[in-house]
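Mind docking chain C on chain B? Use the hints.
This is what each chain is made of:
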Amino acid sequence: MVHVLGVQLPDSQLARFALTAFYGVGHKTAHRLCARLQIHDRCKVRSLTPHQITELASFLASPSTAPPLPRLPLAGPSYKAPPPSIPLQELRAAFAAASGKGGADPLRNMKIESEAKRVVKDNIAHQRMIGSYVGKRHAMGLPVRGQNTQTNARTARKLNKVDRW
Amino acid sequence: MQPSLILRSGRSAWKGPYFVAFPNLRDALENNVAIRTQARSCTILPNFVGIRFMVHNGKDYMPVTVTQDMVGHKLGEFAHTKKRFTYKMTKNK
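Protein chains in written order, with my numbering: chain B, 1 to 165; chain C, 166 to 258.
Hints in this document: simulated from the structure, not taken from any laboratory. It is possible that part of the hints are untrue.
DSSO-like cross-link-like pairs, simulated, lysine-lysine; straight-line CA separation at most 27 Å [stated by the list, open to error]:
id	chain 1	residue 1	chain 2	residue 2
1	C	Lys247	B	Lys161
2	C	Lys224	B	Lys136
3	C	Lys248	B	Lys158
4	C	Lys224	C	Lys248
Keep in mind it's a predicted model, so treat the numbers as computed, not measured.
Looking at chain B on its own, in the form it has when it is part of the complex (with noise of 0.2 Å):
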């Protein structure tokens, strides 16, 4: 049992999925984590190093505050080196011109656990501070979507409330 941020990461799973554990991770998210951490997507939680832990709690701890990731472009089958009389500050700059436009980092604003609990609570509270039909819903405890209330609305009853978590 590995404990990364609070929660555990149980021994035999993949590492790819065991990261599905922690709130607000999904599998399309824990395999970027990987990719990113590179991590093998074979890989067990009993075999990652500890290094390897401690870059992922520290990855996790806040994700926006990570150092970005290098854009190291490679080079075609036809690619020809410049020569050596170009300075190589004109080099850097032709560089930096050309990988300027990365896309955004969908990891950099990742949020796991209390963040995207937090996130919700505002939802909630927010439409129930404006006094909408959907705040009143979660006050009630019943279905906010329009689902059929004669019968089943068990999971509504049971967990729809203003200060959810």
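Only chain C this time, still in chain B's reference frame:
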């Protein structure tokens, strides 16, 4: 998790929000007169803030005072259309 206001608008962004041009809007802003309306599907725009509406719920008109937080929602969300369900045991046998 996602921001609820923008994503669940349901209407394509290129069409712009659906709203009704109320003729007595300026009058309501200045003199604080309530606007009676049956247009429950009218989106609340930023220039509606501070106005009192009387929104129809099928039978009566419910008072709704618009605040800044209500801007992306529709008028009908604040006028409940059904009475709250209460169980009363009937005396019929």
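Can you give the numbers of the hints that this structure goes against, from lowest to highest? none
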